[in-house]
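The primary structure of each chain is shown beneath.
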Amino acid sequence: NAGVTQTPKFQVLKTGQSMTLQCAQDMNHEYMSWYRQDPGMGLRLIHYSVGAGITDQGEVPNGYNVSRSTTEDFPLRLLSAAPSQTSVYFCASSLDMRANVLTFGAGSRLTVL
Amino acid sequence: DQQVKQNSPSLSVQEGRISILNCDYTNSMFDYFLWYKKYPAEGPTFLISISSIKDKNEDGRFTVFLNKSAKHLSLHIVPSQPGDSAVYFCAATTSIKAAGNKLTFGGGTRVLVKP
Chain A
41 NAGVTQTPKF QVLKTGQSMT LQCAQDMNHE YMSWYRQDPG MGLRLIHYSV GAGITDQGEV
101 PNGYNVSRST TEDFPLRLLS AAPSQTSVYF CASSLDMRAN VLTFGAGSRL TVL
Chain B
364 DQQVKQNSPS LSVQEGRISI LNCDYTNSMF DYFLWYKKYP AEGPTFLISI SSIKDKNEDG
424 RFTVFLNKSA KHLSLHIVPS QPGDSAVYFC AATTSIKAAG NKLTFGGGTR VLVKP
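Chains as they are written, first to last, in my numbering: chain A, 41 to 153; chain B, 364 to 478.
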């Protein structure tokens with residue numbers, strides 16, 4: 041049971057480049073979300089999804105897009121990377137909206153030059 | 364404006380002693396609180412939680428206390444072990460599910476347990 045898998049683990053981008061952070065879970069979880077972790081600020085919610093075809097914005101959605109075409113996958117897209125998006129990104133999932141405990145992936149460290 | 368704050372960014376404690384981590388929140392709608400533990404290069408893992416209908420929850424060496432009137436919770440680790448050295452995040456959420464399953468996290472406290 042792999043849990044929540046994130047790829048890549050590390051990525052360096054130049055300002056203006058685009059990329060997609062991948063997230064997949066094999067636990068048949070309905071709820072998936074993306075957080076970013078910055079020093080001293082904890083984890084902040086970017087986008088979340090309560091099921092396939094349904095997404096919504098979190099606390100810091102600007103500069104990021106998401107889609108949820110399957111239950112298993114929830115990719116995070118940066119269309120035009122900016123240095124302010126340098127961060128560690130975590131994907132998390134839970135069984136459904138009523139489950140408060142999230143299972144996190146190992147993280148993707150992104151540096152934008 | 365951070366709704367969940369952990370005012371101590373770091374804590375150093377001797378092995379075998381008690382570690383006390385504190386967390387304050389401002390949003391009175393929060394009614395469920397969680398602690399996560401994070402090792403370097405890994406994702407956070409769930410440690411313990413407490414509902415607002417309780418003021419204490421215990422799981423082995425870990426106990427979480429909730430003081431609703433003060434909007435304050437704390438995590439006690441007794442006795443502390445070197446393997447407890449990690450970053451601990453406090454998180455809060457509301458059972459109003461129209462808001463979605465969102466956790467609001469504090470900034471984290473780095474704990475170092477010295478042998």
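Derived from the structure by calculation, the hints contain no laboratory data.
Fair warning: there could be bad hints in the mix.
Claimed, not checked - Okay, derived cross-link-like pairs now, DSBU-like style, lysine-lysine, Cα gap no bigger than 35 angstroms in a straight line:
| no. | chain 1 | residue 1 | chain 2 | residue 2 |
| --- | --- | --- | --- | --- |
| 1 | A | K49 | B | K368 |
| 2 | B | K368 | B | K419 |
| 3 | B | K400 | B | K417 |
| 4 | B | K434 | B | K419 |
| 5 | B | K400 | A | K49 |
| 6 | B | K368 | B | K431 |
| 7 | B | K477 | B | K417 |
| 8 | B | K477 | A | K49 |
| 9 | B | K368 | A | K54 |
| 10 | B | K400 | B | K419 |
| 11 | A | K54 | B | K434 |
Okay, the hints, checked on the actual structure:
1. A:K49 - B:K368: Distance of about 28 angstroms is within 35 angstroms: holds.
2. B:K368 - B:K419: Holds, because 20 angstroms separates the two Cα atoms, which is no more than 35 angstroms.
3. B:K400 - B:K417: It holds: about 22 angstroms lies between the C-alpha atoms, which stays within 35 angstroms.
4. B:K434 - B:K419: Cα-Cα ~14 angstroms, so holds.
5. B:K400 - A:K49: 20 angstroms, holds
6. B:K368 - B:K431: Distance of about 15 angstroms is within 35 angstroms: holds.
7. B:K477 - B:K417: Distance ~32 angstroms between K477 (chain B) and K417 (chain B) Cα, so the pair holds.
8. B:K477 - A:K49: 30 angstroms, holds
9. B:K368 - A:K54: 33 angstroms, holds
10. B:K400 - B:K419: The given pair, whose Cα atoms are some 19 angstroms apart, holds under the 35 angstroms limit.
11. A:K54 - B:K434: Measuring from Cα to Cα gives roughly 43 angstroms; hence the hint is violated.
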